[in-house]
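Chemist: Assemble the whole structure, with the sequences as input and the hints as a guide.
Residues per chain are reported as follows:
There are 2 protein chains.
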Amino acid sequence: MRSTICPQPNFLDLAAAPSSAPAKKAIGMPLHPTLFLGAQDVVELIRNKGLVTTLRDVARTIHEDFLRWDDFDKAARIANHSPLGVIELMPIADAHTYTFKYVNGHPANTARGLPTVMAFGVLADVATGMPLLVSELTLITAIRTAATSVVAAQALARPESRSMALIGNGAQAEFQALAFHCLMGIDEIRLYDTDPFATEKLVAHLRQSPDAANLRLKVCTSAAQAVQGADIVTTVTADKRNAVILTADMLEPGMHLNAVGGDCPGKTELAPEVMQAAWVFVEYEPQSRIEGELQHMPADFAVTELWQVLHGDVVGRNNEEDITLFDSVGFALEDFSALRYIYALARANKRGHALQLVPDLADPKDLYASLAPAPDL
Amino acid sequence: MRSTICPQPNFLDLAAAPSSAPAKKAIGMPLHPTLFLGAQDVVELIRNKGLVTTLRDVARTIHEDFLRWDDFDKAARIANHSPLGVIELMPIADAHTYTFKYVNGHPANTARGLPTVMAFGVLADVATGMPLLVSELTLITAIRTAATSVVAAQALARPESRSMALIGNGAQAEFQALAFHCLMGIDEIRLYDTDPFATEKLVAHLRQSPDAANLRLKVCTSAAQAVQGADIVTTVTADKRNAVILTADMLEPGMHLNAVGGDCPGKTELAPEVMQAAWVFVEYEPQSRIEGELQHMPADFAVTELWQVLHGDVVGRNNEEDITLFDSVGFALEDFSALRYIYALARANKRGHALQLVPDLADPKDLYASLAPAPDL
Numbered sequence: 079m080r081s082t083i084c085p086q087p088n089f090l091d092l093a094a095a096p097s098s099a100p101a102k103k104a105i106g107m108p109l110h111p112t113l114f115l116g117a118q119d120v121v122e123l124i125r126n127k128g129l130v131t132t133l134r135d136v137a138r139t140i141h142e143d144f145l146r147w148d149d150f151d152k153a154a155r156i157a158n159h160s161p162l163g164v165i166e167l168m169p170i171a172d173a174h175t176y177t178f179k180y181v182n183g184h185p186a187n188t189a190r191g192l193p194t195v196m197a198f199g200v201l202a203d204v205a206t207g208m209p210l211l212v213s214e215l216t217l218i219t220a221i222r223t224a225a226t227s228v229v230a231a232q233a234l235a236r237p238e239s240r241s242m243a244l245i246g247n248g249a250q251a252e253f254q255a256l257a258f259h260c261l262m263g264i265d266e267i268r269l270y271d272t273d274p275f276a277t278e279k280l281v282a283h284l285r286q287s288p289d290a291a292n293l294r295l296k297v298c299t300s301a302a303q304a305v306q307g308a309d310i311v312t313t314v315t316a317d318k319r320n321a322v323i324l325t326a327d328m329l330e331p332g333m334h335l336n337a338v339g340g341d342c343p344g345k346t347e348l349a350p351e352v353m354q355a356a357w358v359f360v361e362y363e364p365q366s367r368i369e370g371e372l373q374h375m376p377a378d379f380a381v382t383e384l385w386q387v388l389h390g391d392v393v394g395r396n397n398e399e400d401i402t403l404f405d406s407v408g409f410a411l412e413d414f415s416a417l418r419y420i421y422a423l424a425r426a427n428k429r430g431h432a433l434q435l436v437p438d439l440a441d442p443k444d445l446y447a448s449l450a451p452a453p454d455l
Numbered sequence: 079m080r081s082t083i084c085p086q087p088n089f090l091d092l093a094a095a096p097s098s099a100p101a102k103k104a105i106g107m108p109l110h111p112t113l114f115l116g117a118q119d120v121v122e123l124i125r126n127k128g129l130v131t132t133l134r135d136v137a138r139t140i141h142e143d144f145l146r147w148d149d150f151d152k153a154a155r156i157a158n159h160s161p162l163g164v165i166e167l168m169p170i171a172d173a174h175t176y177t178f179k180y181v182n183g184h185p186a187n188t189a190r191g192l193p194t195v196m197a198f199g200v201l202a203d204v205a206t207g208m209p210l211l212v213s214e215l216t217l218i219t220a221i222r223t224a225a226t227s228v229v230a231a232q233a234l235a236r237p238e239s240r241s242m243a244l245i246g247n248g249a250q251a252e253f254q255a256l257a258f259h260c261l262m263g264i265d266e267i268r269l270y271d272t273d274p275f276a277t278e279k280l281v282a283h284l285r286q287s288p289d290a291a292n293l294r295l296k297v298c299t300s301a302a303q304a305v306q307g308a309d310i311v312t313t314v315t316a317d318k319r320n321a322v323i324l325t326a327d328m329l330e331p332g333m334h335l336n337a338v339g340g341d342c343p344g345k346t347e348l349a350p351e352v353m354q355a356a357w358v359f360v361e362y363e364p365q366s367r368i369e370g371e372l373q374h375m376p377a378d379f380a381v382t383e384l385w386q387v388l389h390g391d392v393v394g395r396n397n398e399e400d401i402t403l404f405d406s407v408g409f410a411l412e413d414f415s416a417l418r419y420i421y422a423l424a425r426a427n428k429r430g431h432a433l434q435l436v437p438d439l440a441d442p443k444d445l446y447a448s449l450a451p452a453p454d455l
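Read top to bottom, the protein sequences are chains R and U.
Per my numbering, the very first residue in the first sequence carries number 79; after that it's consecutive.
Per my numbering, the very first residue in the second sequence carries number 79; after that it's consecutive.
Please keep in mind that the hints were generated in silico from the structure rather than gathered at the bench.
Mixed in with the good hints, there may be bad ones.
For chains that are exact copies, the list does not tell them apart, and a pair is met inside one copy or across any two.
[Claimed, not checked] Derived lysine-lysine pairs resembling DSS-like cross-links, with alpha carbons at most 25 Å apart: (1) K127 x K443; (2) K127 x K428; (3) K296 x K152; (4) K296 x K443.
Modeler: Next up, the structure:
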C-alpha cells in the first residue's frame, strides 16, 4: 500500500483555501483536497483541548444551531435494518454547509472486537457540493450525545438539580456523568447497570478523572434504588429491545428524565405510563415518532420540540412539580454542530490528512481524458 | 500534515481479513482499517484494466444485481436542494453488503474549476456496520451510467441497431459512445451539442481512441438532424432546466430512446408527447416519478421497471415498430454494483490506503479510555 504524502507546508492551502478556488498544486497534494480526520487525529485534538472543554464547546455549538432551527433543511434519518442491526444516514444543511453522518447500531459487535456504534461524517460546501471534511464520529458522537443531554436538561430540569440517577453504565456513561457534573453542577450520581462490571468500569474511570474529583458516586442495586430521590434520571441502556427501565411508580414530582437509550424502532426504555405522566420534549418530531419512546404512543400524543424551548417560544417547565422528559434519539443537527466544531478545531491546529476524493481535471468538463489510455501506452 | 504510513506487507491483512475479525496490528496500521481509493488510485486501476473492459465488467455486474432486485432494501435518494445545485445520498443494501453514494449536481462548478458532478461512495458490512471501503465515484459514476444505458438498450433496442444519435457531448459523452460502440455494436454515432467545442472535444477523443477505430462519427448541426435515421437516440445534456431536446415529430418507428440527462426535479429533456409515444422503462419507479422525465406525466402514467424485463417477467419491445424509452435517472443499485466491482479490483491489485475511521479500542465497550487524559499528562 502506498502512503498519501502531504508535506506540512501544503496543509495551510488545505486548511485555508476555499474548496472551490483552484489552489496552487504541490507535489503529492490534490488540487481539491478533502480534509481527513481519523480516530487518532480526533483523540489527540480532544486530549489537547480537554474532554470537558470539548463537551462545553460542543454543547454551546449545539445550542447555537438549535436557535437557528428554521435555517436548516431537515429530514428524518434513513435507516437500513437487518437482523443484526441498523445502518443510518443523517443528512442536514443550512444555506452554506451540508453535513451527514453514517452510523450503525449492532449490539453483537462488542463480542467481535468492534464498537456497537461506529460513525463517521462529512461536511460539504452547499455552494459547490465539494466535500471539505471526512471525519471519524464514533468518539465525537459520544461527546455530542452527552452535550445534547445537558443542553436539554439546562432548559427543562429544575435549576437546583444536584443529583442524577445514571441507569446504563456502558460506553456513553462517562460522557453523561462528566457533562452533567461539569456543565450542570450535578454533584451526586447514583449508578445502576444490570452488568456490575460496567458499573465497576464507570466508577474506576470517574475516580481517576481530575474533572470528577468533587463528584459523589453511589452504586445502587436496582434502577428503583438509583432513581429514588434523584433530581434527574438518565437512562442510557444498550439492548435493542423494548425494555422497561422506568415505571410510573418510580417517578417523583419535579424530576427531569433524560431518556437517551430508546433511539430506534423496537428499542425503548420507558413504560407508556411514564410518557403520560411527563411533559415530553423531542429533537425533531417526525424522527422521534418513529424512533423514540414516542413510538409506543398514539400519533396525536402531544410533544414539544426542544428548539422551541431554547428559542423562548414555549415554556419548558411550568413549576417545581412538573415531570419533564427529553425523549432523545440523536438528530442530524447535533452532528452538524459537532462536525463544524471539529473542522474548525482541526484547521486551527493544522491537523489532518489530504484525501483526493475529487479528481484533478485539467478541464472540469472532461472526465474522459483522465481515464483514456495514457499517451505513452 | 502527517502522512498515513501503511507498509506494503500490511495491505494483505487489510485486503483479505474480514473487517470484523481483529487483524494482527502492525505499526501505523489501524486495527480495523477502511480501504480508501482516491481518484488517482481509480484512474490507475481502470487504465490498467482498460476502460472498455471496465465498462463491460461494470455492465455485467449491474445486470447481475438487477436480476436480484428483490434481494435489495431500496429507497429513493435523499436530496438537499439549494439555489446553486443539489446534494444527494443514495443508500441500498442486500443481506450482506450496504453501500451509499454521495453525489452533487452544480452546473456552475465548471466555471470554478470543479466538476459539475462529484461523487464518492462507501461499502459496508451489513453484519457489523463496519465501513470497508471509501472510494471516489466521480469517475466511476461516468462509467456506471454508460454501462447502465447499455444494459437497458440491450434489453429494449432493436438487436440490429447500428446507428446512434448522441445529443449532449459533455463529460458523459465519451463513455456513452464507447459503451454503445464496443458493447452493443453501434458503428455510427451522430453528434450534436449546442456548444460546438464540446462536440469538437468528443470527436478528438474518439478519433484518438484505439477502441473507436471502426466508429463512424457524423457531426450534425441540429438535434433533428442527429436523430434522423438513428436506431438509438441518447440525450445527455447538462443544463438544470426543463429543456425540450426531443419532440414527437423527430421520432421514427423502432427507435430506442436513452434519456440520461433528465435526472432531477426541474431537469428534463423530452416533450411529454415523446413519453406518450413510447413504451417507458425506468430503474426504480418511486424515484423516477420524482426525478425523471416522468415528473411531467400524471401519477398513473404506465411505466415498467427495467429489472422486470431483464428478469424475463415482462417483454421489453413487442415488435420492430415500438418506440422504447429508458428514462434513466441513476439508481443506488448501479452504484452498489460499481462499488463491489471496484472493491474487488482494488483488493486483487493490492491498491489503496488505510483509513482509521474506526478507533482502536482495547475494550470495544469503552470509548472513554481513549479520550481520558493520558496517564503521562
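Chemist: Hints first: check each against the structure and report whether it holds.
Modeler: Status of the hints after comparison with the structure:
no.	hint	in the structure
1	K127 x K443	between (43 Å within a copy, 24 Å between copies)
2	K127 x K428	within (14 Å within a copy, 38 Å between copies)
3	K296 x K152	neither (41 Å within a copy, 48 Å between copies)
4	K296 x K443	between (65 Å within a copy, 22 Å between copies)
In the structure shown, a violation is registered for the earlier hint numbered 3 alone.
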